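J.: Position chains B and C relative to chain A; hints supplied.
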Amino acid sequence: MYTAVSLAILVSLGLVLARALLGPTVYDRIAAVNMFGTKTVLLIAVLAFSSGRTDLLDIALVYALINFTGVVAVMRLVTYGSFHSSRKADTKSVTADKG
Amino acid sequence: MIEVFIDIILLSFIAVTAVAILRMTNLFAIIMLFGIFSFLSASLFAVMDAVDVAFTEAAVGAGISTVLMLATIALTKTQKEKVSVSHRHWLPLSVVIVTGAVLVYGTLDLPAFGDPEAPAQTHVAPYYIDKAVEETGLPNMVTSVLASYRGFDTLGEVVVVFTAGVAVLLLLGGKHRISDTGTNEIEKNEHSLILRVVAKFLIPLIIVFALYVQFHGDFGPGGGFQAGVILSAAIILYTLVFGLDAAERVIPPSILRILASLGVLIYTGVGIVTILLGGNYLNYSVLGDSKVAGQHLGILLVELGVGIAVFAVLLVIFLTFAGRGRP
Amino acid sequence: MIIDILSWILLLGGGLLGIIGGIGMHWFPDVYSRQHAAGTTDTLCAMLILLGLALQAGFSLVTFKLALIFIFLLFTNPTASHALANAAMQGGLRPQLERTAGGDNP
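Protein chains in written order, with the working numbering: chain A, 1 to 99; chain B, 1001 to 1327; chain C, 2001 to 2106.
In short, the hints are calculated from the structure, not lab data.
Treat the numbers as computed from the prediction; the structure is a model and nothing was measured.
Glycine included, every Cβ here is placed at the ideal spot set by N, Cα and C.
Do not take every clue at face value.
Interface residues of chain B toward chain A, partial, derived using beta-carbon atoms under 8 angstroms [to be verified]:
| id | residue |
| --- | --- |
| 1 | 1017 |
| 2 | 1028 |
| 3 | 1035 |
| 4 | 1036 |
| 5 | 1042 |
| 6 | 1043 |
| 7 | 1059 |
| 8 | 1063 |
| 9 | 1070 |
| 10 | 1230 |
| 11 | 1237 |
Same shape as in the complex, but just chain A (with noise of 0.2 angstroms):
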């Protein structure tokens, strides 16, 4: 069963990386990041418990507070185009991208 539910899991996390891959926008790709950083932290979760190591949990958690700070970090960069300053970026040079 726990096989099943971490198939189904791969499954979206390949779906997912599609998204990534094919962008178009920036901000799909970022999604598809958040997303992506969200299924990695079920699919460990999951193997802790059909593997029965539960110290993989301690990961699962890691990710589930991490993965937040890389997203903010980059709609950030993305909105006001540096760390320091809080006026609007010129955001044509992220947005537009033909990857």
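T.: Chains B and C only, in chain A's frame:
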């Protein structure tokens, strides 16, 4: 069986991500993919039972390295230059193929992956497995190997981290004013209200969790390095939400520099103390009444030094990068 | 026994929602609708799976950690979604309000 299957899927995801990273020109998108790459490799480590490695990857890869790379991008530009290549690729291609073939040939002499007869499994590993718990009194063997048996290596790593911080300060650091009056514009930004409230709630939890990781490293996955990274992530989150000036009022850069040196000093100091007490450098057995107590105390102190140094250095690097070019 | 069945249902429901969210990220035409599909399913998927696991674990430290992950995700996920949509709006991206032919790329 299922773990092999998950391994294969995760590995193919990693391969796809790596190729995509190579082919992209938008550096921003590449950083996003680096984040995904880190998630994948941490899952892979977790599947392969390397809990401490997965922990480090989780702490560093998802947050800090993304943030540092973004800070770098903010100083440069977001697009990779398109290099027009007119000459033939054959020479470099053949050099790469030959080098690769030589490297592959070299790996043929290495023992197979997971081979129980490999030298690494037959000499030190059995000793650690048999004696580590008994000699250091710590259930987590990784911590005792890291901090005690291989204490010199870890000292080297801490010094490397410290050197990186010093180098960043030398290159990018410099005097700048810290405005201690005047409200921050970001604090006034109504759009980030929800973010501010949630961050206020999250940051203390992250700090508590970092302390848990620091002092629980003897018993479970984690230790000074991971704790330092998580703690610095908490402060970085604060910086991102409340602004650079606010963060520098909370933790002045001068204190951070002292903390970075202090961490390394604690580590090396423990070594000096063990010499003074009649032992070898970093032989903690002489620190306590019994050998086990000494080992335990030594590992705790050393991990603390690592934690402080890593926390301070990462934060120094981030603040220096982020503060670059402000008015 | 009943708890077992309940937890399997929760786990499978979570897995299914994860896949639906993944499909949703490809189904919809613009950033905001995709974000909607991803954000909502993501949080519920996490809740169901973590709840299912907690039922398996019984009452222990493990459950406490699961509850912590649950709380973090519950707060960070919608916040990230909100901040993301906000950033996209400030970045000058307008939601696609009418169905246009071949409107897959905004």
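J.: Are the hints correct? Go through all of them and say.
T.: Hints and how they fare:
1. Hint status for residue 1017/B relative to chain A: holds, with the closest Cβ pair at about 7 angstroms, below 8 angstroms.
2. Checking residue 1028/B against chain A by beta carbon gives a least distance of about 6 angstroms; that is within 8 angstroms, so the hint holds.
3. For residue 1035/B, the shortest C-beta to C-beta distance to chain A is roughly 5 angstroms, which falls under 8 angstroms, so the interface hint holds.
4. Residue-level restraint check for residue 1036/B holds (minimum Cβ-Cβ distance to chain A is 5 angstroms; threshold 8 angstroms).
5. Because the smallest distance between the Cβ of residue 1042/B and any Cβ of chain A comes to about 7 angstroms, under 8 angstroms, the interface hint for this residue holds.
6. Restraint check, residue 1043/B versus chain A: the minimum CB separation of about 6 angstroms is within 8 angstroms; hint holds.
7. Contact between residue 1059/B and chain A, as hinted, is supported at the beta carbon level, the nearest pair being about 5 angstroms apart and thus within 8 angstroms.
8. Residue-level restraint check for residue 1063/B holds (minimum Cβ-Cβ distance to chain A is 4 angstroms; threshold 8 angstroms).
9. A hinted interface residue such as residue 1070/B counts as satisfied when its beta carbon comes closer than 8 angstroms to some beta carbon of chain A; here the least separation is about 5 angstroms, so the hint holds.
10. At about 7 angstroms, the closest approach between the beta carbon of residue 1230/B and any beta carbon in chain A falls short of 8 angstroms, and the interface hint on this residue holds.
11. Among the interface hints, the one on residue 1237/B holds; its C-beta lies about 5 angstroms from the nearest C-beta in chain A, closer than the 8 angstroms criterion.
Of the hints listed earlier, there is not a single one the structure fails to meet.
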